[in-house]
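From just these sequences and the hints, can you work out the full model?
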Amino acid sequence: MKDVSFGQFYPVDSFVHRLDPRLKIVFLIAYIVAIFLASNFYGLAACAAVLVLIVVCARIPVGKVLRAVRGVTFLVLFTAALNVLFYGGETVYWQWGIFCVTFEGIIFSVFLALRLVLLVVCSSMLTYTTTPVSLTDGVESLLTPLKWIRLPVHELALVMSIALRFIPILMDETARIKNAQMARGADFERGGLVKKVKATIPILVPLLLSAFRRADELGDAMDARCYTGGKHRTKYKKLRFTWRDLVALLTGAALITGVVLMKVYLGVPY
Amino acid sequence: MRIVAEHLSYTYNARSPFETAALKDVTLTIEEGEFFGIIGHTGSGKSTFVQHLNGLLRLPSSMKKYRPKKPKKGEVLPPPVVLRVGEFDLTDKKTDFRALRKKVGMVFQYPEYQLFADTVRDDVAFGLKNFSDTKLTAEETDAAVCAALEAVGLDFSELKDKSPFELSGGQKRRVAIAGVIVTRPEVLVLDEPAAGLDPLGKQEVMELLHRLHKSWCKTVIIVSHDMDEISENCTRAAVFADGSVKAVLSPRELFCRTEELLALGLDIPLTARLCALLAREGVAVDCDFTTEDFCRAVLALFGNKRGERT
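In order, the protein sequence lines correspond to chains S and D. Just so you know, the first sequence maps onto residues 7 to 276 in this note's numbering. Just so you know, the second sequence maps onto residues 4 to 313 in this note's numbering.
Hints were generated in silico from the structure; no laboratory data involved. Computed from a predicted structure; not experimentally measured. Hints are supplied without guarantee of correctness; some may be wrong.
Only some residues are given here: those of chain D computed to face chain S with a beta carbon under 8 angstroms [claimed, not checked]:
no., residue
1, Asn-57
2, Leu-59
3, Arg-104
4, Met-109
5, Tyr-116
6, Gln-117
The calculated lysine-lysine pairs, modelled on DSS-like cross-linking and capped at a C-alpha distance of 25 angstroms, are [claimed, not checked]:
no., chain 1, residue 1, chain 2, residue 2
7, D, Lys-175, S, Lys-204
8, D, Lys-217, S, Lys-184
9, S, Lys-204, D, Lys-132
10, D, Lys-96, D, Lys-106
11, D, Lys-96, S, Lys-202
12, D, Lys-163, S, Lys-204
13, D, Lys-132, S, Lys-202
Even glycine gets a Cβ: it sits at the ideal position worked out from N, Cα and C.
Set out below in structure tokens:
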């Protein structure tokens, strides 16, 4: 369980933790837009600066943040490598068949890698600082307008919160089953790829069974308490917009404006 | 195999907000041939302790490396950590954990949730195949599986080709236990072996463990918070609370200390409750808290000659 840090709530009290989840979701979307709007390193630097500010305000240790990045290291390196080799451009440094390393390619790859890292860190900041419950509350509240087109917003939010709630449970379950099979001599490290994939069967089968069993039990429990869905339900915790949210909102707006201005006046990265 | 633990500590999620010390300086010796009980409230560290016994939880590397060098002046070194199971030294990195797991069988809580194979035979044979160094012939496998299934009171020819998921709850649990004992471990550890079973199923599992202790595994260790299980079966029991061992006593000594057990949030067996009620009425019953011995003692008190014979 301890190896999964991406998507897990980190329980400390901070400015960012106390923000309205709706605002955090909107902020994340705006931030992603800003990352992709940014067309030069000044824009990305502004995004990075804001992110550093968020991390500091959220009191999340740097190690945790880096661990979120570690999960996507391969993806980042892989896309960067592909871009270096295939991007093309005018200032050619090295060429071999269809492969071609250019100045533009390198700049673009670095740019893309930075974008991806910022994206991952910012998204994980949302889940680090927001409990699954308030996250789904936020999603539900944001999606309310879609009720007009008869979308079952409450049910969707419920599905999401159950899914999030079950991640740690299934992680624990996996660890337990893995231990049980290891006690029976199962070996998950040795052997080639085929052997390793085969070795996961004794974990996957019980895990799937247990997931279905738990889903059944949860359904029964909800039925037993006469759960009928969204209508007429009130909230235990009402979401409120406070001065903190205003500060965050202004920061987000300033970031987007800044990035757009830099795009217009400073142009491409090189 | 004798099990020795000294100054054993374990912390989950060290250096994070989820940090919890599950074991604090545990010192405990379990002799070969014992039927040993480990009792404690939820979260007292009992499961964490038994998971050390076959190396599923390992000592943090800082502890493994730790060998007392010359202490600096005025410095008091913490006592060395010891964890030995028979000839295996678990504080040593180079220990062959596979060989250890073959000797120490571990039955987890709700073991039927680990069943996965298409047939009962394949599931029971899983551990056997994993632990054997050479490829076993079908006959060898069948013979071992048959013996294990019979040891848990199931019929091999009837069940071998059935899917383990078709069986009843009690049968599933027996199959799962058979899947652990099939390698003939010397030490068998069971975490709440009777949890979630009906009273009859509980009794059957306890009788099964008794048989296994006599004829199959030299040492049996059960983790439980059902005190009747402990009083009926165990030679000695360790009381865990808050990550440390509060006492290691025989049931006879243990269940006299009713108030301390209740203060730890633990129950006492039915026989001990009856003794306490009788004591309040001025009748002191001296027994080792098994149902049989309790009856003997009570009958003896009332001067029934039959009581003397049993």
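Evaluation of the provided hints:
no.	hint	verdict
1	Asn-57	holds (6 angstroms)
2	Leu-59	holds (5 angstroms)
3	Arg-104	holds (6 angstroms)
4	Met-109	holds (4 angstroms)
5	Tyr-116	holds (6 angstroms)
6	Gln-117	holds (4 angstroms)
7	D:Lys-175 with S:Lys-204	holds (23 angstroms)
8	D:Lys-217 with S:Lys-184	violated (30 angstroms)
9	S:Lys-204 with D:Lys-132	holds (14 angstroms)
10	D:Lys-96 with D:Lys-106	holds (18 angstroms)
11	D:Lys-96 with S:Lys-202	holds (24 angstroms)
12	D:Lys-163 with S:Lys-204	holds (22 angstroms)
13	D:Lys-132 with S:Lys-202	holds (16 angstroms)
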